[in-house]
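Trainee: The primary structure of each chain is shown beneath.
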Amino acid sequence: MSLFDFFKARPKGTASLARERLTILVSQARSNRNAPDYLPVLRKELLEVIRKYVNVDSDAVTVKMQTDGNQDIFELSVTLPDKT
Amino acid sequence: MAEIIVVTSGKGGVGKTTTSASIACGFARLGKRVAVVDFDIGLRNLDLIMGCERRVVYDFVNVINGDCGLKQALIKDKRFDNLSILAASQTRDKDALTVAGVERVLNDLKADFDIVLCDSPAGIEHGAHMAMYFADRAIVVVNPEVSSVRDSDRVLGLMASKSRRAELGQGKIAEHLLLTRYAPDRVERGEMLSVKDVEDILGLKVIGVIPESPDVLQASNQGTPVILDENSEAGMAYDDAVRRILGETRPYRFLEPKKKGFLQRIFGG
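Here the protein sequences line up with chains A and B, keeping their order.
According to our numbering, the first sequence holds residues 1 to 84 in order.
According to our numbering, the second sequence holds residues 1 to 269 in order.
In isolation and in its complexed conformation, chain A is listed as follows (with noise of 0.2 angstroms):
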């Protein structure tokens, strides 16, 4: 940083939030990366069914296939819209 740099306003790092952003879209695409080919497909049926007797955003339904050991574990969990 020089004399001049001193005077000038300088921007705050902005690596700690491109850390931050990446590391949650890295992740999320890795937990998708394993998963059979159906389950957007089976994601969007879901949530058409839901819809017809709740009415709840599009990113209400979300779907999960995990591996544990010798066992696929498929998660599903629905937001509900709060009682107002």
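Hints listed in this document are in silico derivations from the structure and should not be mistaken for laboratory results.
A couple of the hints might just be wrong.
[Claimed, not checked] With the Cβ distance kept under 8 angstroms, some of the chain B side facing chain A (calculated, not the full set):
hint: 1; residue: Val146
hint: 2; residue: Val149
hint: 3; residue: Arg150
hint: 4; residue: Asp153
hint: 5; residue: Gly157
hint: 6; residue: Arg189
hint: 7; residue: Gly190
hint: 8; residue: Glu191
hint: 9; residue: Met192
hint: 10; residue: Leu193
hint: 11; residue: Glu199
hint: 12; residue: Ile201
hint: 13; residue: Leu202
All C-beta atoms in this analysis are idealised placements derived from N, C-alpha and C, irrespective of residue type, glycine included.
With chain A's structure known, arrange chain B on it following the hints.
Mentor: Then chain B, alone, in the frame of chain A:
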């Protein structure tokens, strides 16, 4: 036993061809018999970086199609006679790279060389897939920049599931990260992802860190891979990476910002 090594990245412009050219020369300088193959059909550039663009007569697609023999198409490097280049085709359709054709050429190369280096095109389309499909080892070139890091994760995922090794259950392709265009001073100021950041995000260790350097452009201007520039830090960092790939332990250099002189501190620069 010959080894097939792919240099890949997903994202374009991160230094795949620069890396391929340099590490090919690095292996050859250490006495390995090396063939380096340009998989970027339609956009050939490896010949230019290697400085043999005027000696290309036949190319990879010609060999696959049987227009010529493999030996006719291989261009012998002027600096190392144990290094040969197989250029990409400039005109033909990239679908000319058939699985069977690529396999035959790579097997023929494995018979005559210790290392077959595949320079992948950018992207994750057919050419990139073919470059990685038969690999035993992969060097994933990554810049300390968000899109490059994300793309390299995508490529790592594809290699884990869509390679010949994965399909035959022969275990994983050995994966290495090579971080290029690294600027230690910017890392210190918190402006750029550090080596550790990239390693943590991707869960892989780096095999080399190449500092951002004007020498890389100078080298490509001349068609002399930067590893051959003995005064260049980028060149030295490539040589370290080559030796690490071959199993040597080498300390990492050029990861700290340069100490500035008194006048530089005052006036900048």
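Trainee: Indicate, hint by hint, whether the structure satisfies it.
Mentor: Checked hints:
1. Val146: holds (5 angstroms)
2. Val149: holds (5 angstroms)
3. Arg150: holds (6 angstroms)
4. Asp153: Nearest chain A Cβ about 5 angstroms off; hint holds.
5. Gly157: Check passed: Cβ of Gly157 (chain B) comes within 5 angstroms of chain A, closer than 8 angstroms.
6. Arg189: holds (6 angstroms)
7. Gly190: holds (2 angstroms)
8. Glu191: holds (6 angstroms)
9. Met192: holds (5 angstroms)
10. Leu193: Since chain A brings a Cβ to about 5 angstroms from Leu193 (chain B), closer than 8 angstroms, the hint holds.
11. Glu199: For Glu199 (chain B), the interface hint is violated, since the closest Cβ of chain A sits about 11 angstroms away, which is over 8 angstroms.
12. Ile201: Because about 5 angstroms separates Ile201 (chain B) from the closest Cβ in chain A, which is inside the 8 angstroms limit, the hint holds.
13. Leu202: holds (7 angstroms)
Against the hints set out earlier in the document, a violation occurs for number 11 only.
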